[in-house]
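Taken in sequence, the protein lines are chains A and B.
Residue numbers for the first sequence follow our numbering, so the first one is 1 and each next one is one higher.
Residue numbers for the second sequence follow our numbering, so the first one is 1001 and each next one is one higher.
Just so you know, the hints here were simulated from the structure itself, not pulled from any lab data.
Just to be clear, a hint being listed does not mean it is correct.
[As the list claims (entries may be wrong)] Here are the in silico distance ranges between beta carbons for each label pair: (1) B:1231 x A:9: 44 to 52 Å; (2) B:1146 x A:227: 41 to 49 Å; (3) A:74 x B:1174: 46 to 54 Å.
Bear in mind the structure is a predicted one, so any value in this text is a computation, not a measurement.
Ideal placement from N, C-alpha and C gives every residue a C-beta, glycine not left out.
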Amino acid sequence: MGPSVVVKNLSAKYIGSDTWTVRAVDLQVNKGEMVVIMGPSGCGKTTLFRILAGLVPSLIPGTVEGEVTVEGVDVVRAGYKQLVGVVGLVYQNPEMQVITRSVLEELAMGPENLGLSREEIQKRIDWVTHVLNLYDLLDKDPQSLSGGEKQLIAIASVLTIKPKVLLLDEPTSMLDHRGTRLVLEAINQLKKEGLTILVAEHRVEWAVEAADRVAVMGRGTILLEGKPEEIFSRVEDIQRYGVRPPGIAEVAYELRKKGIDVPIPVKLEDSWKLGVGSK
Amino acid sequence: MLSGLYIERRSFFHSLDPRAKLVWALLVLAASIVTQFNGFKSFPIFVSTIVALILSGIGAGLAAILIFNSLIFLLITTLVWAGMYSNQGNMVLDLWIIKVTDVGLLVASGKFFLIMSPVFAFITFFVTTKPYHVSWTLEKFRVPPKLSTAFVIAVSLLPTMVKATRDVIDVQRLRGLALDKGSIPERLRKYIPIIVPVISRLLSDVWDLSMVLASRYVGYSKKRTYLLEPKWVKRDTLFLLFSIIFYGVILLWGLL
């Protein structure tokens, strides 16, 4: 599978700002991969996603340097309107993404705006309803849904435009535990559908299980990148970059600091290694 | 975020085709304009909008609040317009500087119904029609899709604006802002710490909303598809015919 997203030496800043929000970012995401991007607030994750979605600079004025292609399209030159069926972006706040008075209207909105036929719109709604198991929500007023359900509908309404790459900008940051579980399960399901997914997310334990690769961002640039096991075992590094490591890795790290030589597992199911490795 | 004015109910007006309802509201407006100088002729229009409010299922309580609030406006228009026609017709009330004649009363009530009847009619329209169908109806009346979407969003943001204002007032009151104390200029000045945060919050909300609309490709196609189109039925034809006859008669009467 070739690359779906290619970012080379990307730097960007907003109009009127002297500070580069994104600096010299290099990133490649292959088709069907899920990459989780982690980092403290203000590290440039949202700006990176906005650029990938073609919003900067075509809708949000700014300076973008470097090369950014998504599914072969130069997103900076093309602008967001040319990215129909290429990229879809889901935002953080579910309240602002639900804008109609019926779940069905919400799901239909994107394809309707594209002027697709009614048959095609219905087909897409049926597909997304099946993939995300939205059958119980279809006839409800989105205003009455929980935060997690609203975010699920927001994801579904972006999916009906059939993007090849899905960007999710901290989709669970405003949700409670139940809502978070709902959304993360949905993302897992979408990964099985073969979608290329980039998620900005703080839930480390989930990222360890679900991500193919993890990138840690800080001060506008990518500081670490690799498989979850490689990244999250570097406890001191990721703590310094403002990312909380998995709980089990933190335990192992503390044991190491006390002089107990143990490996650093990143998944809970590997916690048995702590007993085997200790002296 | 966009709760809009629509209230989910099962009512006669909810079941009508939005095109029939919009034509009805426009007939109310036209008839109100033609009869604006004679409250006697525009009174039946006003009554018809009250009936519509009741038939829209929004509840007698809410209808009563709307009517009660409009009576304050009636008082103001009576004083203003009756005063302007105080030298025409027979004196009905002569109280110090307030002079009201029968002609003045007719004009005052006509002007009152000119504003309130269309207001009630369009409230009924928006309360009983989903924003989705309002947008569809406007496009059927040849309004460009971007414009109809913008209009629907603007109307849908009204409750958001009211809620934002209430929230800011509550917060500022908790911080010691006393809106009901002081002279009138002082009280007006006290609204600055309310207006500024409300505008700031609304601008932020509208910015977020514009990002969402961009991601849903609003305005992408010149002709938007509608998956859930209403179906015109016999009841809509009868309602429309009745409206045309009723308001048509009043229009002719007003022109005589």
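Evaluated hints:
As the Cβ distance of residue 1231 of chain B to residue 9 of chain A is approximately 57 Å, the hint placing it in 44 to 52 Å is violated. With their beta carbons about 46 Å apart, residue 1146 of chain B and residue 227 of chain A fall inside the hinted range of 41 to 49 Å. Roughly 51 Å separates the CB atoms of residue 74 of chain A and residue 1174 of chain B, a value that falls within the hinted 46 to 54 Å.
Hint violations for this structure: number 1 only, all remaining hints satisfied.
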